[in-house]
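*Asks:* Here is what each chain is made of, one letter per residue.
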Amino acid sequence: MTAIVPVPFFAISIEERSGQPIRRCYQCMKCSGGCPMAFAMDILPHQVVRLVQLGARARLIAARTPWVCTGCKTCQARCPNGIDISKVNDALKAAATAARVTPGDRYVAAFHSSFLSSVRGLGRSYELGMIGLYKMRSGTYTADLALGLAMLRKGKLKLLPKRIHHLREVDRLFRRAAGADDARGAGAAGGGRGGAAAGGTGGDADGDMGGAGSCGAGDGGGAMGEGGLD
Amino acid sequence: MATPATQMTTAATLTRDYTYYPGCSLHSTASEFDESFRAVAAALGLSLHELDDWSCCGATSAHATSNFLATALPLRNLSLAERAGRDLIVPCAACYSAFRQAHHEVATDQAEGRRINDEVQAATGRRYEGKLRVLHPLEPLSAPEGLKAVAAGVAGKKPLTGLKVATYYGCLLQRPPGAVAFEDPEQPKSMDRIMEAAGATVVRWSYKTECCGASLTLTRPEYVVQLTGTITGAARRAGAQAIVTACPMCQANLDTRQPQGIGAAATAAGNGGVTGVTGAAGGGSAEAPVPIFYFTELLGLALGTRGVRSWLKRHITDPVPVLAAHGLL
Numbered sequence: 001m002t003a004i005v006p007v008p009f010f011a012i013s014i015e016e017r018s019g020q021p022i023r024r025c026y027q028c029m030k031c032s033g034g035c036p037m038a039f040a041m042d043i044l045p046h047q048v049v050r051l052v053q054l055g056a057r058a059r060l061i062a063a064r065t066p067w068v069c070t071g072c073k074t075c076q077a078r079c080p081n082g083i084d085i086s087k088v089n090d091a092l093k094a095a096a097t098a099a100r101v102t103p104g105d106r107y108v109a110a111f112h113s114s115f116l117s118s119v120r121g122l123g124r125s126y127e128l129g130m131i132g133l134y135k136m137r138s139g140t141y142t143a144d145l146a147l148g149l150a151m152l153r154k155g156k157l158k159l160l161p162k163r164i165h166h167l168r169e170v171d172r173l174f175r176r177a178a179g180a181d182d183a184r185g186a187g188a189a190g191g192g193r194g195g196a197a198a199g200g201t202g203g204d205a206d207g208d209m210g211g212a213g214s215c216g217a218g219d220g221g222g223a224m225g226e227g228g229l230d
Numbered sequence: 001m002a003t004p005a006t007q008m009t010t011a012a013t014l015t016r017d018y019t020y021y022p023g024c025s026l027h028s029t030a031s032e033f034d035e036s037f038r039a040v041a042a043a044l045g046l047s048l049h050e051l052d053d054w055s056c057c058g059a060t061s062a063h064a065t066s067n068f069l070a071t072a073l074p075l076r077n078l079s080l081a082e083r084a085g086r087d088l089i090v091p092c093a094a095c096y097s098a099f100r101q102a103h104h105e106v107a108t109d110q111a112e113g114r115r116i117n118d119e120v121q122a123a124t125g126r127r128y129e130g131k132l133r134v135l136h137p138l139e140p141l142s143a144p145e146g147l148k149a150v151a152a153g154v155a156g157k158k159p160l161t162g163l164k165v166a167t168y169y170g171c172l173l174q175r176p177p178g179a180v181a182f183e184d185p186e187q188p189k190s191m192d193r194i195m196e197a198a199g200a201t202v203v204r205w206s207y208k209t210e211c212c213g214a215s216l217t218l219t220r221p222e223y224v225v226q227l228t229g230t231i232t233g234a235a236r237r238a239g240a241q242a243i244v245t246a247c248p249m250c251q252a253n254l255d256t257r258q259p260q261g262i263g264a265a266a267t268a269a270g271n272g273g274v275t276g277v278t279g280a281a282g283g284g285s286a287e288a289p290v291p292i293f294y295f296t297e298l299l300g301l302a303l304g305t306r307g308v309r310s311w312l313k314r315h316i317t318d319p320v321p322v323l324a325a326h327g328l329l
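So the protein sequences, as listed, match chains D and X.
Under this note's numbering, the first sequence has 86 at position 86, and the numbering climbs by one with no breaks.
Under this note's numbering, the second sequence has 209 at position 209, and the numbering climbs by one with no breaks.
Simulated from the structure, these hints should not be mistaken for lab results.
Any given hint could be a false lead.
Claimed, not checked - Partial list, computed: chain D residues near chain X (C-beta under 10 angstroms): (1) Pro8; (2) Ile12; (3) Gln27; (4) Pro36; (5) Trp67; (6) Ser86; (7) Lys87; (8) His166.
Note that CB positions come from ideal geometry on N, CA and C, so glycine has one too.
Please take these sequences and the hints and turn them into a complete structure.
*Replies:* Next comes the structure, spelled out in structure tokens:
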């Protein structure tokens, strides 16, 4: 068990980027109890919030949880403190991307970039092109081939893309996005780098989740996952 | 803490004219949702005017990677629709949720909404004023006037008598409650009422608002097989002969992944059966799959509109036998 060495200001930067009152959480665990994706997570939702409070940056930006969160907001609807953990997960994905660490789930990361490439290039999502791009980026060429062909045959996937007339407007929004998101998330990415420098080489390292383990859910998502689904 | 009842909007009325935002899915994988919605609207006397030059709402990928795009992409569409001066109707639950959240940011004058609205104005020359009414078709149709129109419309046509359906709302129609939900987010009833008005029997079950896995279907199909296996299994155990949805992702995931879920549950004898994951997969296990309908498809059928068979041909899980058994086709 390694101790968590907090990265200064990480909690505040994630609070700012996500817009969520993370410090209010008192670990009631309703979020993890109802989370439909808990079975696939390496860190349960209530543990994510606790680790953000503790400033455990390295553990969080390498985690799978933010990438497999579907954004269904069941946790948000039930949180007694008004925290939307899906937004915390979005902020953590952004922090991971900004820090250029290997995404906790590279398939999901490849999907999002492929989807948005299509939207930026056409103004709309073009599924066939998006899927092709995703397959190239993820290397999963043969997965779901039969289903894809069945959907093509049934006319569920359009062969030709459709481009909107005022694509320039959408392109301008994409251009502005980079700057706007950086301004808001400066703390999340920059704070982390600052923290690492301040703490030396091991400065943002953290390890076992002592606090989470004492809540009885430290041994992975399986048990909680089943509880949530039943 | 969400207090559902206080978040409901006032009951929508059946205004005659709507600006219609189909979204990317209804133009491709969910084209039967688009066609059946248009047919139902025509049968009930509603005029739909498709929003000119609409663009993608951004969906999951926008909010997963860019807070700015998650609000800016909906605002571009909302600012276009606002100029048209009619209520905006959005059948895709994902687009609807994204629009309602962006609308909420502006209508309640959040600092973030204001800032992004400024950027949208700079990029497009238009600003969203926050005056639009953004509706899901379930709202006007489940209001008293809507239910009356449905009941009157199916009389003498093909009421869904004897068909037992589980209504499945998914995530995005109800959450986040404050900005999006138009009814109790844990116990939604709008689709139940519409189906009952069309003559169907609605079963009680506990998975109305569970998540189907959404876009993970492409990247992590094994998770979606598990999630949808649990949902369809629960519906079968509740006695449903069909599941009714109002979301292109819910329909696609339940429809396309159900055969695999049943297969996995059968081979693993109910022991999970999905690579790398354990849990409550399957449930109802090796039974015949249940068809997954858009609520507009069943309404169109009940109202006697044209085109029903061409919609049903696009399903992966064949819906014809169940309907034929009830004398509906």
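*Asks:* Look at each hint and say if it fits the structure.
*Replies:* The hints, checked one at a time:
no.	hint	in the structure
1	Pro8	23 angstroms, violated
2	Ile12	17 angstroms, violated
3	Gln27	16 angstroms, violated
4	Pro36	4 angstroms, holds
5	Trp67	8 angstroms, holds
6	Ser86	8 angstroms, holds
7	Lys87	8 angstroms, holds
8	His166	6 angstroms, holds
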